[in-house]
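Student: Single-letter residue listing:
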Amino acid sequence: MSNSEISLASVFAEESIKSFGKCLRYALWRDDDYASLIEFENAETPLQFAEAVRKFLRRYRSGGFMDEALRTQASEMRKHNRWDELRRTLRQNEIGPRPTEGNLERLTQLANNAQGVRLVRAAIISYGLTKRDPHKELEEVERGS
Amino acid sequence: MEYLVVKSGLPTLDAARAYGLAQLLQVLANGKASPYITDQGGVFAVSLNAELTHDALTRSDMWRAAFADSNWQRVFLTYKKAWSAQRDRVKRTLEEQVAAVVTRAGDGLCVDFAGKFALPGPLDPVGFKGLKGLTAGNYSEGQTYLDEQNGALACLGATIAQRYKFGKREYFVTLPIPQMVQFNDFHQIRHLVYDKGLAYLGVRTAAAHFALIFADAIRERAAGNPYFPLSFSNVLYFSLFQSGQQFKPSVGGSINLARLLDIALSRPQAAAEMFKTWDYLFRRGSVKGNEALAEAITDLLMAPSGESYYRHARIFNRYIVDSSKRVNSEFLYDEAALMEVMAYVEQ
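Chains F and P are the protein sequences, given in the same order.
Numbering of the first sequence is given in our numbering, commencing with residue 1 and proceeding in unit increments.
Numbering of the second sequence is given in our numbering, commencing with residue 1001 and proceeding in unit increments.
Incorrect hints may have been included.
Derived SDA-like pairs: lysine to any residue, alpha-carbon spacing no greater than 25 Å straight-line [as the list claims (entries may be wrong)]:
(1) F:Lys136 - P:Phe1331
(2) F:Lys18 - P:Ser1329
(3) F:Lys79 - P:Glu1307
(4) F:Lys22 - F:Ser10
(5) F:Lys131 - P:Asp1334
(6) F:Lys22 - P:Asp1334
(7) F:Lys22 - P:Glu1307
(8) F:Lys18 - P:Thr1277
(9) P:Lys1325 - F:Leu104
(10) F:Lys136 - F:Leu104
(11) F:Lys136 - P:Glu1330
Hints are computed from structural coordinates only; laboratory data are not their basis.
With the hints as constraints, model all of the structure from the sequences given.
Tutor: And the structure:
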């Protein structure tokens, strides 16, 4: 299927986009990573888009291990709404969801021409507009790490 | 019985005549039945299944209430202090000539532009002096005139159906064009919507916000019924600004309501979420310093496209990521509502 036949809604609902969009949204919350947001917004060509992804992955540190003590600590902070402290802890320990290789491959496939880039970047930044459920999101991070 | 309002080619005037006739018929039926307005292309058909009592007008509270509406002053804005004399003239005309109006409507009510009733500018921007002729050299300053009965009906309809919102220096006028409307339903929606308003940036924002809250009111009124028999085709809008001593028309246009109403009636839950976020963007955008939000959502609503969606997403994201802007998460989209926005853009 060519990109001209793909709708923004279907790209938005793609699993790889969803996963990547949620990582960007998480990075915006945890790291105030506005630079990545701007780079995605300004990407016009597949090359610029790939560069934006590369820079985002370099900035976005995730995949850190959450031991039992850290898990309890994070869980306490979450339950008592100590969000700033929790953000700091998660950032220091590099805790967060991570896009899989398969997701990144699919992302690059979708953004293989200018039209595709426009659709993918619109779909990715759209995740920034959606409601987060921080408790659920962090429960998943605690479970996943 | 079906009554017909033959369109004259002036869309605001024609819709106002249809609303005016519906109001008149409802009063003549002693409020026992509600007329149905249908747009049939060349005519607005107003149908009513009730016996009409022609002498009901002077005794009717509903009739008196229709002439107590504060909108009369705005419809006759250009008459300044003489607005009440014009309102009384309309009332007198309709009371004295009611039988003739109803008979003419039964055969198809056509406008006679050779009449003696000067079309008030706020009723239709075409009514203002200073219309251009066929060529630039043929510049005409003439007033538009029509026959007394159609003029009176149109003024009555405009009072009921036009919404006037005063901005800093100008009036923003909006009018929903009926497609298939039961007049009682319209009255209830009017009650929900017409008093709401914000400090708008301009007439486009005013019209877009009106279209949104209008569609939301229809969604509420339909209460989940996807076949709710109420539809409007467009919202016509224009602004009136003060030029010296007199008001003159400025920007005008029309918003297609079909997509908004389709979402409102067929996917009411997603529509409620989507409309809530959009309404928030209009409200937030009406505050000084946040104008970009209102402009972006106005563009998205009036001219839905990939570009207008992207612009809206970029600007809204700026506010969300900036903690000093404090966007309450309650007003963010949920995923279903955002998919609906995307479908709205790509329809």
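Student: Between Lys18 (chain F) and Thr1277 (chain P), is the straight-line Cα distance small enough, at 25 Å or below?
Tutor: holds (21 Å)
Student: Compare the distance between the alpha carbons of Lys1325 (chain P) and Leu104 (chain F) with 25 Å, and conclude whether the hinted pair is satisfied.
Tutor: violated (32 Å)
Student: Would you mind confirming whether the straight-line C-alpha gap from Lys136 (chain F) to Phe1331 (chain P) stays at or under 25 Å?
Tutor: holds (19 Å)
Student: For the pair supplied as a hint, Lys22 (chain F) and Ser10 (chain F), is the alpha-carbon distance within the 25 Å limit?
Tutor: At roughly 16 Å apart (the allowed maximum being 25 Å), Ser10 (chain F) and Lys22 (chain F) satisfy the hint.
Student: Does Asp1334 (chain P) lie within 25 Å of Lys22 (chain F) when you go C-alpha to C-alpha?
Tutor: Distance of about 13 Å is within 25 Å: holds.
Student: Check whether the Cα positions of Lys22 (chain F) and Glu1307 (chain P) lie no farther apart than 25 Å.
Tutor: Roughly 23 Å separates the two Cα atoms, so the pair holds.
Student: Does Lys136 (chain F) pair with Leu104 (chain F) here, judged by a C-alpha cut-off of 25 Å?
Tutor: Holds, because 24 Å separates the two Cα atoms, which is no more than 25 Å.
Student: Under the criterion that the straight-line Cα-Cα distance not exceed 25 Å, is the pair Lys79 (chain F), Glu1307 (chain P) satisfied?
Tutor: Roughly 41 Å separates the two Cα atoms, so the pair is violated.
Student: Under the criterion that the straight-line Cα-Cα distance not exceed 25 Å, is the pair Lys131 (chain F), Asp1334 (chain P) satisfied?
Tutor: It holds: about 6 Å lies between the C-alpha atoms, which stays within 25 Å.
Student: Take the C-alpha atoms of Lys18 (chain F) and Ser1329 (chain P), compute the straight-line distance between them, and say whether it is at most 25 Å.
Tutor: holds (19 Å)
Student: Going straight from one Cα to the other, do Lys136 (chain F) and Glu1330 (chain P) come out at no more than 25 Å?
Tutor: holds (16 Å)
Hint compliance for this structure: hints 3 and 9 are broken, all remaining hints hold.
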